[in-house]
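For the protein sequence lines, the chains are S and E, in the order given. For the first sequence, the working numbering begins at 9 and goes up steadily by one. For the second sequence, the working numbering begins at 4 and goes up steadily by one.
In short, the hints are calculated from the structure, not lab data. Quick caveat: nothing in here was measured; it's all calculated off a predicted structure. Glycine residues also receive a C-beta, built at the ideal position from the N, C-alpha and C atoms. Hints are supplied without guarantee of correctness; some may be wrong.
[Unchecked claim] Not close to chain S: a few residues of chain E, all C-beta gaps over 10 Å, as computed:
# : residue
1 : Ser8
2 : Val67
3 : Tyr133
4 : Asn183
5 : Ala196
[What the hints assert, rightly or not] Heads up, simulated SDA-like pairs for lysine to any residue below, C-alpha to C-alpha not over 25 Å straight-line:
#  : chain 1 : residue 1 : chain 2 : residue 2
6  : S       : Lys116    : S       : Ala106
7  : S       : Lys137    : E       : Lys63
8  : S       : Lys116    : E       : Trp153
9  : S       : Lys30     : E       : Phe97
10 : S       : Lys160    : E       : Ala142
11 : S       : Lys68     : E       : Glu135
12 : S       : Lys86     : E       : Gly95
13 : S       : Lys160    : E       : Phe59
14 : S       : Lys86     : S       : His19
15 : S       : Lys21     : S       : Gly146
16 : S       : Lys160    : S       : Gly131
17 : S       : Lys137    : E       : Arg156
18 : E       : Lys63     : S       : Glu124
[Unchecked claim] Selected chain E positions facing chain S (Cβ under 10 Å, derived; list incomplete):
#  : residue
19 : Pro60
20 : Lys63
21 : Phe97
22 : Gly98
23 : Glu127
24 : Asp128
25 : Glu132
26 : Glu135
27 : Gln136
28 : Gln138
29 : Leu140
30 : Ser143
31 : Thr150
32 : Arg234
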Amino acid sequence: MHGQVTIFPLHTKNLCYQIGGKRLIKDISFSLSHGTKTFIVGPNGAGKSLLMRLCHGLIKPTSGSVECHAVQTTQKCKQAMVFQRPVLLRRSVAGNIAYALRVYGVEKRRHREIIEESLRQVGLNRFSKHPARSLSFGEQQRLALARALALKPDILFLDEPTANLDPAATHVVEEVIEMAHLAGTKIIMTTHDLNQARRLSDDILFLYRGRLKEQAPTGELFTNPKNDLAQAFVKGELLWWRQRPLSPDCDAHKDQ
Amino acid sequence: MTDFSDALTTALTLVATMDRDLTEIVLLSLRVSLTAVAIAAIIGLPLGAALALLRFPGRKVVIVLMSALMGLPPVVVGLAVYLLLSRSGPFGTFGLLFNPGAMILAQVILVIPIIASLTQQVTEDLWHEYEEQLQSLGASTMESVWTLLWDGRYSLMTAHLAGFGRASAEVGAVMIVGGNIDHVTRVMTTSIALEVSKGDLPLALGLGLVLIFLSLCINMGVHSLQTVGRRWQR
């Protein structure tokens with residue numbers, strides 16, 4: 009673990025978020041401990057990315073709170089996030105990591121060593137001087153991951169980092185995530201890929217329409233889910249058919 | 004037509020022989036306009052980026068006002084600066100009136116809204132792309148402003164060009180605050196106006212040619228820089 013004093017457990021208490029009168033996150037409470045890879049799964053519109061942004065502090069909850077033990081110990085809660093579409097600055101591959109290190113307040117004399125190590129981890133060291141935006145999509149995502157890992161975060165949030173990648177690139181990203189986990193970084197990741205969740209995660213939060221329906225260890229969720237929606241989801245059923253009857257228009261088409 | 008060709012021949016001779024008066028006027032024009040654009044950039048760039056980034060009540064009003072000020076009438080600016088710098092004005096003691104300093108000040112006022120407004124538009128697009136990432140990294144507002152300006156630098160060159168175009172083509176304001184004094188405040192545009200009224204078309208035409216040539220050179224230089232820079236940035 010990077011910090012000497014643990015920042016865990018991370019709690020959310022009655023977390024709610026609404027915008028334009030629409031409640032998108034509804035009364036979510038959970039607790040995450042250190043040393044596990046937590047995956048957030050659920051259908052589109054379940055609020056996975058939103059919940060991650062709330063936990064990371066990118067948006068403020070309408071009510072409720074996100075707290076980590078660090079608040080009580082006055083230790084800084086070091087977090088980083090990798091988005092579904094990598095956002096790279098208009099500078100070199102190494103320059104992108106150097107920027108993050110500078111903003112994070114890492115001493116300049118350590119930059120070179122950290123940049124080399126981070127790029128080696130994701131297999132991009134030969135592109136160090138290339139313009140970051142000239143890399144392929146998969147390489148850009150690896151660079152975004154390297155930039156996040158260079159900060160040695162206690163928590164790494166990953167918002168569907170492999171959503172647009174081919175299997176080979178997905179494999180590389182998964183390996184890097186595993187390495188980060190072994191190095192002591194808490195992984196919190198969203199995914200639509202149930203096989204990936206089964207393969208990588210230790211525990212899972214299942215979300216449906218802004219509500220936390222189930223939190224369970226991965227094995228348990230896949231073999232014996234308690235919630236009926238979670239049961240349907242892990243079976244690959246289309247959840248919204250269970251909840252939303254067809255509109256009259258659709259019925260008319262069906263009759264024809 | 005013969006008058007025009009005679010004037011053109013004389014003008015080209017003046018340019019080719021680097022006529023002393025012509026050179027002096029051209030150099031003063033460049034000094035005044037480039038200094039004004041540099042000062043306006045120092046103020047306008049962070050102002051535009053801050054407008055793109057910060058959210059505060061009345062922000063949209065400020066943005067609309069800034070856009071409207073791009074069309075500020077130069078004569079009105081000249082008059083305002085004249086009143087401020089005249090002996091009876093609040094800054095009369097500085098003795099800036101009828102000096103290149105007053106002309107720079109007038110041009111700065113005219114160029115700031117152009118640079119700030121164009122910067123706001125460029126950096127706002129960039130901010131939509133960068134916002135979450137910079138917040139995630141914990142960048143402060145100042146760091147974000149600087150990042151937007153640096154990463155948008157090639158697009159922002161257009162803002163500088165527009166500002167330089169406005170400053171170098173300006174007549175009304177510099178005529179009022181500079182007075183078009185020979186060897187002191189006479190620049191290309193005021194000189195062209197004077198020579199035309201005197202009927203000395205060759206010098207006016209020569210100055211016009213130089214003005215167009217300089218403008219072309221600066222634009223070509225900046226566009227080349229933008230092309231090379233963007234190729235590297237992708």
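Going down the list of hints, with the structure as the test:
no. : hint                : verdict
1   : Ser8                : 50 Å, holds
2   : Val67               : 25 Å, holds
3   : Tyr133              : 6 Å, violated
4   : Asn183              : 45 Å, holds
5   : Ala196              : 43 Å, holds
6   : S:Lys116 - S:Ala106 : 9 Å, holds
7   : S:Lys137 - E:Lys63  : 40 Å, violated
8   : S:Lys116 - E:Trp153 : 20 Å, holds
9   : S:Lys30 - E:Phe97   : 61 Å, violated
10  : S:Lys160 - E:Ala142 : 17 Å, holds
11  : S:Lys68 - E:Glu135  : 13 Å, holds
12  : S:Lys86 - E:Gly95   : 56 Å, violated
13  : S:Lys160 - E:Phe59  : 35 Å, violated
14  : S:Lys86 - S:His19   : 15 Å, holds
15  : S:Lys21 - S:Gly146  : 36 Å, violated
16  : S:Lys160 - S:Gly131 : 18 Å, holds
17  : S:Lys137 - E:Arg156 : 20 Å, holds
18  : E:Lys63 - S:Glu124  : 45 Å, violated
19  : Pro60               : 19 Å, violated
20  : Lys63               : 19 Å, violated
21  : Phe97               : 41 Å, violated
22  : Gly98               : 46 Å, violated
23  : Glu127              : 16 Å, violated
24  : Asp128              : 13 Å, violated
25  : Glu132              : 6 Å, holds
26  : Glu135              : 6 Å, holds
27  : Gln136              : 4 Å, holds
28  : Gln138              : 6 Å, holds
29  : Leu140              : 5 Å, holds
30  : Ser143              : 8 Å, holds
31  : Thr150              : 7 Å, holds
32  : Arg234              : 9 Å, holds
Going down the numbered hints, you'll see the structure goes against 3, 7, 9, 12, 13, 15, 18, 19, 20, 21, 22, 23, 24, while the others check out.
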